[in-house]
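Asks: Given next are the chains, with one letter for each unit.
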Amino acid sequence: MKRDIIIAGVGGQGVLSISTIIAASALKEGLHVKQAEVHGMAQRGGAVVSDLRLSDSPIHSSTIPRGCADVILSMEPLESLRYLEYLSPEGLVVASESPVINISDYPELESVLAAIKNLPRSVLVDADGLARKAGSPRASNMVMVGAVSGSLPLRQDTLESFITEAFAGKGEKMVQTNIDAFRAGRALSN
Amino acid sequence: MTAVPAKQVSNEKVLLGDEAVATGALDAGISAAYSYPGTPATEIAEYLVRHAKKHGRPHASWTTNEKTAYEEALGASMVGRRALVSMKHVGLNVAADPFMNSAIIAINGGLVVAVADDPGMHSSQNEQDTRYFADFAHTICLEPATQQQAYDMTREGFDLSERFQVPVVIRLVTRLAHSRAVVQVKPPRPENDLRKAPDPSKWILLPGNARKGWQALLDRLPDIREYTETCVHNVLTLNADDRTLGVITTGTARNYFLECAGQLKTMPSHLHVGAYPLPVQKIRKLLDHVERVLVIEEGYPLLEGQLRGLLPEIKPIAGKLSGELPLAGELNTDLVRKALGLSERTATVLTTLPLPGRPPQLCSGCPHQDSFKALKDVLKGFDHSLVSADIGCYTLGALPPYEAIESCVCMGASVGLAKGAAEAGFHPAVAVIGDSTFLHSGVTPLMDAVAADANMTLLILDNGTVGMTGGQPTMLSSSGIEKLVLGTGVKPEHFKVIEAHPKKTEQMAEVIRKEIDHRGLSVIIMVRECLETARRSKKKVAS
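Protein chains in written order, with this note's numbering: chain X, 1 to 190; chain R, 1 to 543.
Fair warning: there could be bad hints in the mix.
Cut-off 20 Å, straight-line C-alpha distance, at most; resulting in silico cross-link-like pairs (SDA-like, lysine to any residue) [as the list claims (entries may be wrong)]: (1) R/K540 - X/G171; (2) R/K538 - X/K117; (3) X/K2 - R/K539; (4) X/K2 - R/K53; (5) R/K538 - X/G12; (6) X/K117 - R/L350; (7) X/K170 - R/Q263; (8) R/K53 - R/K539; (9) R/K539 - X/I103; (10) R/K540 - X/M174; (11) X/K170 - R/K539; (12) X/K2 - R/G262; (13) X/K2 - R/Q263; (14) X/K170 - R/K538; (15) X/K28 - X/P58; (16) R/K282 - R/T237; (17) X/K28 - R/R535; (18) R/K539 - X/G12.
Some chain X residues close to chain R (C-beta under 10 Å, calculated; not the full set) [as the list claims (entries may be wrong)]: (19) G46; (20) H60; (21) T63; (22) I64; (23) C68; (24) R82; (25) E85; (26) S98; (27) N102; (28) N118; (29) V123; (30) P153.
To be clear, the hints were calculated from the coordinates, so they are not data collected in a lab. We treat Cβ as the ideally placed atom computed from N, Cα and C, and that holds for glycine.
Throw the hints in and build the complete structure from the sequences for me.
Replies: This is how it looks when you write it as structure tokens:
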């Protein structure tokens, strides 16, 4: 069993937090994990990507080979299309439908969303809307963790325990908001 | 960035390659760690600085540049303590002088220099390979393939440094430095006692002593080679049933090879090299056993080049020099697949939508934006102009919508470039440099410019932060920088300090225009705190 997951977004959207929570949960459940991150220059409003590899046998490379990713999870619609060459033929794209338009040549949003819908397996998520409903627009990355969780070999309570741990320092209300956001996303994946 | 919580089992930690180096150094009993921030090495010192804040020891601090970091670590070694110095690959160019000489002074307390290379240039201006520097200095280089090895090799590096009396290089690459995995840690070793180097003549590199030190290093080399020939990091596995192909991997290249190896019909004979100088006997054994060899190394073809030598090859060698693997950029599983003769994986899921790039950008409201706007407005009034610049967030001023700068070569180069252009007869020549880069390497060329009263204008963008690497502190406050600039002899009437603010861009432009018109050296400091730094200190006050 292996799951190769590409987590994409724009600097500042919480890509590394998503990667961290899934990685910690997988380790807790006894899986091998490798996680590659991008630091430094790419973080400043640029495209950000993290490769996350989970497996029940040892993993060698921290990066995912072409055509091997089981899932592309993207915090931003355009960014979900940037890494398609890494997606396996049966791979799934889970993307937030809320764009970050910080470049002048961003394509028509409708054409971006249509391109995602045209993929063999894809899910568009109203991450911002569901996060706002849960209590904070900043919890949209946890909506996305929820939305992908059905495709991961991980228990819901394990993921929730690490979400709780990640936000514990910010108070009980923030923990609940993020758990609610996660559950709203998860409802879509069931 | 949120850290992955450590697993509950006490001897297992989830660590970035950088953090594994830091943890290995802590457990080896270092007394001090020094560094200048630089991607992808920054997180080594960040981890140690955080640790020092929490626990008090060992000492860990940022420094003005990589050279001062190296010399401070060397001082700790001189009095018998263990010290770690870390930097990005191009940082070792800055620290090259103390590095090269420290190889012949008989290191006392263990000294490990962790250098993170950036193949593929994710965040760098070149992809130079630090293994050549270790070879140049005739010292040991350990090259981890995994986070576990990053921990183990760093720990062992201190023992080797004391045993062979040389600085030991740990060579990382981006994909290891910035990837996380589980690391098993061992019980920590205590710090060394203070014990000054017993023979000071070894540290006084007067020619007479230096000749002895150099000879002593050359005399130790057979023992060092004996170590790399027999150590656990260089592993030879011969396949008795198949003699066609031998594969040599170095460092992280092994990961890509192992990723593909399961799909080969037979497992080739394999030599993995993780410790240098190269294990010549093991390489010879492999070559004697096989018909042809493929060399896979992350970085320049160091091993491959030595293997080929100058004379005709004794056996066919494939690698970067023969085109089976690319000379530029970083390796990956797909490139190694192809070199092994496996079928290429092709992308099957595609889109026809053209995808625009999304380069990094200055933060919205960043003070550099105001400085660039003012500068651009002034330069519109000239037929031609030259703006040399430097390394930091403000290098993004090269991209649209600013397109305000015309060079980025190495730390501090903007000042010397402007002076050289001015002295070649070009006007206006403007240099743009950040406060931390100015302190790192911009002060010395400024002294040249003062001595010559060069006809140039220096803009120091002072945001009180090392911004691009995540907001480390600078070594001097804004008022300190003002005194420093005046102290070099810049004429007070051509030294201006002005706030970088969206409402003040006209005023800023006026100052720049006036100083460009001055035929001689002017220095203008444009000052406003980095937004991220301001946000962090606000958060600190609130909590």
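Asks: Which earlier hints turn out false for this structure, listed by number in ascending order?
Replies: Failing hints, ascending: 2, 3, 4, 7, 9, 17, 26, 29 and 30.
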